[in-house]
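Chemist: Make the full structure from the sequences, and use the hints.
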Amino acid sequence: MHRKSLAILLFSAALCSIGATNMAAQEKINSGNSSADRPKIGLVLSGGGARGMAHIGVLEWLEEHRIPIDYVAGTSMGGVVGGLYATGMTPTRMRHLVATLDWDKLLSGPPSYDELSFRRKEDRRAYPTTIEFGLRGGLRLPRGINPGHYVGLTFDRLTLPYSTVRNFDDLPIPFRCVATDMIAAEPVVLKDGSLTQALRATMAIPGIFTPTEIDSRVLADGGLLDNIPSDVVKAMGADLIIAVNVGTPLGTRETIQTLPGLLTQVIGVTTIENERRGLRLADIVVTPDLGGYTSFDFEAGTEIVDLGYKGAAVHSAELRRLSLDDAAWQEHLAARNARRRTTIPVPIGIAVTGVPEERAEEIRHKLNENAGRPVNPDRLDRQLNDIRGGGRYESLGYDIVQLEGEPWLRIRVREKTYGPPFIIPLVQLQSRAAADVTFSAGFRLTNYDLGGRNAEVRLDAIIGSNNLLAVEYYRPLRQTGFFVAPRAFYSSDRTDLYQDAIRVAQYLVRQAAMGADVGYIFGRNSQLRAGYQLGTQNAQVSVGSSSLLPNVEGTLSAASVRFVYDGQNSVVVPTRGVRTTANAFWYLKSPGASEAYPQAEAGASGFHSAGKKGALFAYGSGGTTFNRTPGPVQQFTLGGPLRLSAYGLTQFRGSNYGFVAAGYRHRLGSLPTLLGGKVYAAAWYEGGSAFFRRSDAQYRDDVAGAFVIETLLGPLTFGGAWGKGGTGKIFFSLGRFFWGQHEAGSQLEASYP
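Numbering-wise, our numbering puts 1877 at position 384 of the sequence shown, and it's gapless, one number per residue.
For the record, the hints were derived by calculation from the structure and aren't laboratory data. Where hints are given, some of them may not hold.
[Stated by the list, open to error] No farther apart than 27 Å at their CA atoms in a straight line, the calculated lysine-lysine pairs in the BS3-like style are these: (1) Lys2171 x Lys2105; (2) Lys1598 x Lys2105; (3) Lys1803 x Lys1533; (4) Lys2106 x Lys2171; (5) Lys1859 x Lys1598; (6) Lys1859 x Lys1909; (7) Lys1598 x Lys2082; (8) Lys1684 x Lys1859; (9) Lys1598 x Lys2106; (10) Lys2171 x Lys1598.
[What the hints assert, rightly or not] Label-pair distances were calculated between CB atoms; the ranges are: (11) Val2153 x Gly1944: 43 to 53 Å; (12) Thr1583 x Val2196: 46 to 56 Å; (13) Phe2211 x Pro1699: 31 to 41 Å; (14) Asp1819 x Asp1663: 26 to 36 Å; (15) Arg2121 x Tyr2025: 17 to 27 Å; (16) Arg1586 x Glu1796: 14 to 24 Å.
Where is the CB? At the ideal position from N, CA and C, for every residue including glycine.
Modeler: Right, here's the structure in full:
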């Protein structure tokens, strides 16, 4: 009986304790209507990737119902939304921002194709992958898939008026965000310094975004250790805490069968305990029902914002008790707006940090027009993107700093820590026929500043069905745009011969040569080259009969002029822009040719957007040997994918040719972020003829279609084509596959893979 009474007493005491706690929380809530006596309200916004955009909807609801926020603390995406709100940005403006941002570009790692320098465009075309290694201190990868360049520029633009605010307590709403010190393995509360750098650090998911260094600390996503930082906002002085939890719920056995699902589960398991701790400290917890939206669904931002608004409305009964009357609300807004900054001081000069003085001076020279005039973020973004497009730097950013009492535009530069030298890998898999698949693999190595500033050594090495070893030394002549480029190469390739649509022989073609070019680069889109090369060429039958094309061997001597204009916005799947190539050759000696002869070839392709997901395209090319007879290896060919796809590779030959194609491409969807890019379907018509005499020209055409998947190793393509008479082919490839991108002169210029 005594034990039973004791148990009753203990149970009653527990109930009283819980009741007292609830009464204390209720008292804090009930005191919300008085401006003078109300509790100080702290808002806590959790991390959650794209799901974090629901915070904007919660803020909309709070503002509509006149609920004041005195302190804001956030982690990851919650830190980003909270930081922008703390600067005075309205939820309405944030909603508009979410709807209008180019999320594909914002979350992409490497520079977009149209921002690359001409040399780096050549790299991307020859090696269409986003993977890059470095050889600084051994073979190394970048510290993250995405260096955060475009995200950083967005933060710089949005927070620029607050560049000179050193303490986040001086923002319109006092603010904190949380990052993780990856060396000390402890949470770091960011409360002063550069606001844009703090926002960049709190969202740097390890392995995806490159960590941010602040005060010699390597900082990454704060969600690893404090995803719901209620403790932080409590330390700021909050009497009552509203926590918004948008983290992804733990998955089931079924949901972790995919890589994205497993990675999401790993993050959830890692952060679950610190989230529970943060939720226990909160007085009101808002957990919007975000359904099946994941951390990567950024393009669904508007829908996620709406769900955040609905999630706050679910807690209407609790939250409305914190509402101010209209007079008190206007007083609160006036006090907050009085702390806003809207003007940006005009910088008197350019300061560059993060690179040696020689590089800093080069960057200052390119940006000098920004000194002494109001900051133009659009112009500055373009200029910084162009500088990054040269390939040396991971990211660049900007802010305003006070130096000796005067405003300066500071350019923050982060060099790539893993190179130079840089290595771009190549994997090339291609079907030539149903039972004929070729495979090659290799790399391009580029090193800088050997023998002069901005000089480059480029080494290509490819082995497999096709082989290439090539080296080029590129030396610019000061800042004039002119350059010289001596080079040498060895290549071997196979080419097929057909008779009556039947492949009857295969030749092995080997070339070795040395040469030198002089040229001029017109900005990042155009280049003109003229040069000469001398070497040997050997074409011997390896399979079948040599009756159609004789074995040839001898000296190859040729002068050439090459012009390229590349104004497209992608190397594989452009949506806009034009690319043209034009080449002229004078073969002084060519194996199998009885005399010297000229040859010319030109090609062009154009793309035009058709709606949000579609693109119309057309391309064509043509060449002539001016009524002369070229050597066998220098004959033009048609046939194979994108060059009369229903026919065999190089099935048609001639000393002249013409070819046209046009079609439509549509975006079907996207792969998970870590696996690749977008998925496309396309259909097109193509027709043309290769001939030795005009009287022998026979026009052939077909219709073709393909699915193209952007992968980390380049485009993966599955397609087929049908021509007259039942002719048809199925083809696939991994690696190079370019609509309308036939490189004129490729038979001579083997050193340009």
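Chemist: Run every hint past the structure and note whether it holds.
Modeler: These are the hints, each one checked on the structure:
1. Lys2171 x Lys2105: holds (13 Å)
2. Lys1598 x Lys2105: Holds. Lys1598 to Lys2105 sits at ~15 Å (cutoff 27 Å).
3. Lys1803 x Lys1533: holds (24 Å)
4. Lys2106 x Lys2171: Holds, at about 11 Å.
5. Lys1859 x Lys1598: holds (24 Å)
6. Lys1859 x Lys1909: With a Cα-Cα distance of about 20 Å, the restraint between Lys1859 and Lys1909 holds, given a limit of 27 Å.
7. Lys1598 x Lys2082: violated (49 Å)
8. Lys1684 x Lys1859: violated (34 Å)
9. Lys1598 x Lys2106: holds (15 Å)
10. Lys2171 x Lys1598: Distance of about 13 Å is within 27 Å: holds.
11. Val2153 x Gly1944: 43 to 53 Å: holds (45 Å)
12. Thr1583 x Val2196: 46 to 56 Å: holds (53 Å)
13. Phe2211 x Pro1699: 31 to 41 Å: holds (35 Å)
14. Asp1819 x Asp1663: 26 to 36 Å: Holds, at about 28 Å.
15. Arg2121 x Tyr2025: 17 to 27 Å: Holds, since Arg2121 and Tyr2025 (Cβ atoms, about 20 Å apart) stay within the stated range.
16. Arg1586 x Glu1796: 14 to 24 Å: holds (18 Å)
Checked against the numbered hints above, the structure violates hints 7 and 8; every other hint is satisfied.
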